[in-house]
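Engineer: Listed here are the chains, written in short residue letters.
Number of protein chains: 2
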Amino acid sequence: MGSIASDIGSQTDYAFTVYRGTFIQSVLPDAGSKPELSRNQGALWVSAADGRIQGWDWQVTDDNGFAELMSRSGWVDIDAVEAQAQANGHASKTRVKIVTADEEQNEFFFPGFIDTHIHAPQYPNAGLFGSSTLLDWLETYTFPVESRFGSPPDPKTGHQTQTDPKETPLLAQEIYDQVISRTLSHGTTCASYYATNHVPATNALSTLCHTRGQRAFIGRACMDNPDFCVDYYRDFSADDSVHATHQTIEFIHTLDPEGKLVKPIVTPRFAPSCTRPALQSLGKLAASYSPPLHIQTHISENINELALVKELFPEADSYAAVYDKYNLLTPRTILAHAVHLSADERALIRMREAKISHCPASNSALGSGICPVRTLLDDGITVGLGTDVSGGYSPSILEAVRQACLASRLLGQSAAWQRDHPRGADGYGADGREKLSVQESLYLATRGGAAVVDMGSDLGGFDMGMLWDVQLIRLGEVKSVEKSPLDGVPGDGSANLVQAGPVGNVDLFGTETWDEKIQKWVWSGDDRNVKAVWVGGRLVHSRA
Amino acid sequence: MGSIASDIGSQTDYAFTVYRGTFIQSVLPDAGSKPELSRNQGALWVSAADGRIQGWDWQVTDDNGFAELMSRSGWVDIDAVEAQAQANGHASKTRVKIVTADEEQNEFFFPGFIDTHIHAPQYPNAGLFGSSTLLDWLETYTFPVESRFGSPPDPKTGHQTQTDPKETPLLAQEIYDQVISRTLSHGTTCASYYATNHVPATNALSTLCHTRGQRAFIGRACMDNPDFCVDYYRDFSADDSVHATHQTIEFIHTLDPEGKLVKPIVTPRFAPSCTRPALQSLGKLAASYSPPLHIQTHISENINELALVKELFPEADSYAAVYDKYNLLTPRTILAHAVHLSADERALIRMREAKISHCPASNSALGSGICPVRTLLDDGITVGLGTDVSGGYSPSILEAVRQACLASRLLGQSAAWQRDHPRGADGYGADGREKLSVQESLYLATRGGAAVVDMGSDLGGFDMGMLWDVQLIRLGEVKSVEKSPLDGVPGDGSANLVQAGPVGNVDLFGTETWDEKIQKWVWSGDDRNVKAVWVGGRLVHSRA
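Line by line, the protein sequences give chains H and A. FYI, this note's numbering numbers position 474 of the first sequence as 474, with every residue one higher than the one before it. So the mapping is simple: this note's numbering equals the position in the second sequence, first residue as 1, plus 544.
In case anyone wonders, no lab produced these hints; they're calculated from the structure. Note that beta-carbon positions come from the ideal geometry of N, C-alpha and C, so glycine has one too. The reader is advised that the hints may include incorrect statements.
[Stated by the list, open to error] Counterexamples of contact, computed for chain A against chain H with all Cβ distances above 12 Å: (1) 639; (2) 696; (3) 1031.
[What the hints assert, rightly or not] Computed cross-link-like contacts, DSBU-like style, restricted to lysine-lysine with a CA-CA straight-line distance of at most 35 Å: (4) A/710 <-> H/483; (5) H/166 <-> H/93; (6) H/166 <-> H/310; (7) A/854 <-> H/156; (8) A/804 <-> H/483; (9) A/804 <-> A/828; (10) A/854 <-> A/700; (11) H/93 <-> H/483; (12) H/166 <-> A/804; (13) A/854 <-> A/804; (14) A/710 <-> A/828; (15) A/700 <-> A/710; (16) H/166 <-> A/828; (17) H/483 <-> H/260; (18) A/710 <-> H/479; (19) H/325 <-> H/260; (20) A/869 <-> A/854; (21) H/156 <-> H/325; (22) H/34 <-> H/260; (23) H/310 <-> H/260; (24) A/1023 <-> H/531; (25) H/166 <-> H/156; (26) A/700 <-> H/260; (27) H/284 <-> H/156; (28) H/325 <-> H/310; (29) H/260 <-> A/1027; (30) H/531 <-> A/1027; (31) H/479 <-> A/804; (32) H/483 <-> A/700.
[Claimed, not checked] Selected chain H positions facing chain A (in silico; Cβ < 7 Å): (33) 451; (34) 455; (35) 507.
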């Protein structure tokens, strides 16, 4: 890569950024078919004014072709010719910034990942869950750490009086800042965050996402049910839940009036943590905006949770029906987990066009079970991926891609799957079609996630007009084999010390097809392979 | 860490290396109890002559205490006082090298990992497996890549005439060299490798391990059954299998006569790939040495494989019985996978004291199933961890630790487990005791693996007399919170670019107990956290 584009957020002195190199994205060839990866080489340009893709040329295969494109388009490279431009009378031409992916280093542009479910305040607990399952995990690990993000509301008024982000404890601010750094460094360009129930901290998270340039939905976690929530960390009434949520919505609408980067999302934590009045009011609150606000909650993660919901809401036909009753199942609703849904619940969710966030690392870590993603997809439900930090131990959506593949390969052997599916010829559950391929999981991580946050026409690929929310992946160069490693290795070991390379764990030996390179990236890649990340055309992360 | 010790392999001018700092290891408090982690702070010393632990002092908590230890022991630091030593009349004292783990950087010494099952020639395929399962994976991915490590034997004589490592294709040498680099960089101090059936390449792997200083068992893969093996890659007779294996054994015994670092391991690939005469002869070959040679093979990985073994060996009561008939189940036998063993097979394996290599990443990736590790342990069988590259996608045993934990958390929901175990009160299979904790998985990765390779008294911990096969782990410093991240973040984004730190993905916020730090290492750590690796006291990997 030559030089990385400067920021779009500020006033720029050029009209386009022209990205040059290899572009790989997930595509759905046609409805009903499975996602594939498509690869193009050439040039693609993004408007500096709005950060959206304005065009491309896949015929540009070499320097001559690129020069011709520049000339034909009346473009001058601001870095290469800034000085000469005036002198040569180019001042009338259109100034562009050029960013090149290095073919020798096996660099390529890939759509940014979308994390459809992540609890920002739980990040300090990433990796800490012991052998717990959902309900004891919440009490042992989660509520204590979340409660430290602010003071509880005044029990007399029930209201939090403070809204200023700077009222947030310093460590909590630092944690939120680090969550953004980490997720960006793993290529997450858009995240749907749960915050805590503290208004100042929720506003701090919004501010930090906005300033740092990460696309985000920010939800204040609502939890007012004294029968389930702990006293040291809850809302004291349904009114308080709604009032405080409203404060965070107003804050975000002031921070980012057009919602270009940060948007509010109404967040009843999950059915057991909310009273019926709170659920009802939050459904109303979301619907009172135009367009209606996004909503996020959890559903059917763990079988003890199912039993709890049945006990708390005996009048409801199902877990999904609880949410539906209070108008919380909408086309802009993100339901996390959905491991144990019934066919009726899937039909209801499909009918309401609510979306599902699949969080495989979390489901395995907490032993929640294996979400039957193929069944959800077959039923026509939209699915994306979530890290679910810190039920999930990793802030990386690439790790979620891996775990989605792995979990799906164990699904056929689960008792639940075998109950519902005849055994296939291979002796496993069904015919193996429950397995998610790397290509499919990458689709869920990009276009799938985009659809889950109801931004399918803005994010997830390289379509015309889409926002440039993109990561530049660097796999590194192919290993050169010049001399025998059996030669010249002194017996004293002094020359044997390995200084591991800077480009992570992907090893290319020159025999790989490009599709195999992508598989190697998925299975061996990490944040070291994410060389740069842009959101809406703005560079928000880079790695030397 | 001050300076890292130079090599033991060469003649040293000091008597001990004194390691100073925090030492964490897995221990079994008493028979029948679960493994725990133990932590000591102080100093430990290793003989430069044989690389073994000679003593420790856990009372040394500060610089004064250390100075006192040095003085009391009559030691001088060769780095600090080399020049003065002569002048001050210290020449009569014992010269020692000092290596200090940096507490500020949360560094600690941890026993090296033991990879009890890895296919070195498959490394270029790491991450390439698509949606295949064992038998089609072998044909599609594995045999083609392995076949490129040398020329097939002369079909007339059946023998490979070449034994010289340098007859190995250059790319194959490079692949083997890189496997060693990668596994060392992930903290693997000892590996039980499968090579291919080519004698020169097998000898090249032995030479490279010996030169690079990685402890290794090297096995030439035997496969002479024309009904299963492909023509382009197989031994042409049982005689050829045995003859060529013998050549690699002799080569290793010449290379490392005392077997200090590299040892041969007899390797019938797995029952379906071998004829009865080959199995019989290989069992005899192993037994003909004193002590008997190690043996490694695969068992009960995939249910189609079980059916194949039944078809090929109708006379045998079980898969394990096939190996037992040919004296291949010994106390020095490593059986990889063991996912679907019957109770009778487990009893047989226990009786023969054969060992099991659990390869969870591979079992999930190939959809082989979930190995019931708890059951194996309950039955008194010795278990270690293996990466099974490239059925497993990662050369990291830390990844195997993670996957062992994750798979065990899904085990209770598998049909096989539920068939054999009543449901527990939590509604899941049994009572949740099938779950492996981080502490248990780390035990399997160190002391468990040591026992699997029959070196339980030499490797896996910090016991007196054990070999210094150790990794220095660096988690990095606790995040300091000095000013609000809400301050001083310019809106133009120019100051927002994240230059991710050098120490990987572990984030410490100062609230973690040391046990929680270990959990964070396991769940978020990678090769970036492995700062140095020693084998037998020799430094074989370091990272700036």
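Engineer: Next, verify each hint and record whether it holds.
Structural biologist: Evaluated hints:
With a cut of 12 Å on Cβ distances, residue 639 of chain A stays outside the contact zone with chain H, its closest approach being about 19 Å. No Cβ of chain H approaches the Cβ of residue 696 of chain A within 12 Å, the least distance being about 19 Å, so the stated non-interface status holds. A beta-carbon of chain H is positioned within 12 Å of the beta-carbon of residue 1031 of chain A; the least distance is around 9 Å. With a C-alpha separation of about 11 Å, the suggested pair residue 710 of chain A and residue 483 of chain H falls inside the 35 Å cut-off, and the hint holds.
A C-alpha spacing of about 46 Å is found between residue 166 of chain H and residue 93 of chain H, which places the hinted pair above 35 Å, so the restraint is violated. Proposed proximity of residue 166 of chain H and residue 310 of chain H is contradicted: the alpha carbons are some 41 Å apart, above 35 Å. Only pairs whose Cα atoms come within 35 Å are accepted, and residue 854 of chain A paired with residue 156 of chain H is rejected, the gap being roughly 74 Å. Restraint check for residue 804 of chain A and residue 483 of chain H: the C-alpha separation of about 28 Å stays at or below 35 Å, so the hint holds.
As the CA atoms of residue 804 of chain A and residue 828 of chain A are separated by approximately 24 Å, the hinted pair is consistent with the 35 Å bound. Among the hinted pairs, residue 854 of chain A with residue 700 of chain A is consistent with the structure: their alpha-carbon atoms are about 32 Å apart, no more than 35 Å. Between residue 93 of chain H and residue 483 of chain H the CA atoms are separated by roughly 51 Å; this puts the pair beyond 35 Å, and the hint is violated. For the hint linking residue 166 of chain H to residue 804 of chain A, the alpha-carbon distance of about 62 Å lies beyond 35 Å, and the restraint is violated.
Annotation: proposed proximity of residue 854 of chain A to residue 804 of chain A is violated, straight-line Cα distance about 40 Å (limit 35 Å). Annotation: proposed proximity of residue 710 of chain A to residue 828 of chain A holds, straight-line Cα distance about 30 Å (limit 35 Å). Our distance criterion of 35 Å between C-alpha atoms is met by residue 700 of chain A and residue 710 of chain A, whose separation comes to about 24 Å. With a C-alpha separation of about 75 Å, the suggested pairing of residue 166 of chain H with residue 828 of chain A is violated against the 35 Å cut-off.
Between residue 483 of chain H and residue 260 of chain H the alpha-carbon distance is near 54 Å, which puts this suggested pair outside the 35 Å criterion. At roughly 19 Å between alpha-carbon atoms, residue 710 of chain A and residue 479 of chain H fall within 35 Å of each other, so this suggested pair holds. Restraint check for residue 325 of chain H and residue 260 of chain H: satisfied, since their Cα atoms lie roughly 32 Å apart, inside the 35 Å limit. Distance restraint check for residue 869 of chain A and residue 854 of chain A: the Cα-Cα separation of roughly 14 Å lies within the 35 Å cut-off, and the hinted pair is therefore satisfied.
Between residue 156 of chain H and residue 325 of chain H the alpha-carbon distance is near 31 Å, which keeps this suggested pair within the 35 Å criterion. For the proposed pair residue 34 of chain H and residue 260 of chain H, the alpha carbon gap of about 32 Å is at most 35 Å, so the pair holds. For the hint linking residue 310 of chain H to residue 260 of chain H, the alpha-carbon distance of about 40 Å lies beyond 35 Å, and the restraint is violated. As the CA atoms of residue 1023 of chain A and residue 531 of chain H are separated by approximately 23 Å, the hinted pair is consistent with the 35 Å bound.
With a C-alpha separation of about 24 Å, the suggested pairing of residue 166 of chain H with residue 156 of chain H holds against the 35 Å cut-off. For the hint linking residue 700 of chain A to residue 260 of chain H, the alpha-carbon distance of about 74 Å lies beyond 35 Å, and the restraint is violated. Between residue 284 of chain H and residue 156 of chain H, the direct Cα distance comes to roughly 25 Å. Compliance with the 35 Å bound is thereby established for this hinted pair. Simply put, residue 325 of chain H and residue 310 of chain H have alpha-carbon atoms about 14 Å apart, close enough for the 35 Å limit, and the pair holds.
Restraint check for residue 260 of chain H and residue 1027 of chain A: satisfied, since their Cα atoms lie roughly 28 Å apart, inside the 35 Å limit. Note on residue 531 of chain H and residue 1027 of chain A: the hinted pairing holds, with a Cα-Cα distance of about 28 Å set against a maximum of 35 Å. About 31 Å separates the Cα atoms of residue 479 of chain H and residue 804 of chain A, which keeps this hinted pair within 35 Å; it holds. Under the criterion of a C-alpha separation no larger than 35 Å, the hint pairing residue 483 of chain H with residue 700 of chain A is consistent with the structure, at around 33 Å.
Violation of the interface hint for residue 451 of chain H is found here, the shortest Cβ-Cβ separation to chain A being roughly 24 Å, above the 7 Å cut-off. Given the 7 Å rule on beta carbons, the hint for residue 455 of chain H is violated: about 22 Å separates it from the nearest Cβ of chain A. Checking residue 507 of chain H against chain A by beta carbon gives a least distance of about 6 Å; that is within 7 Å, so the hint holds.
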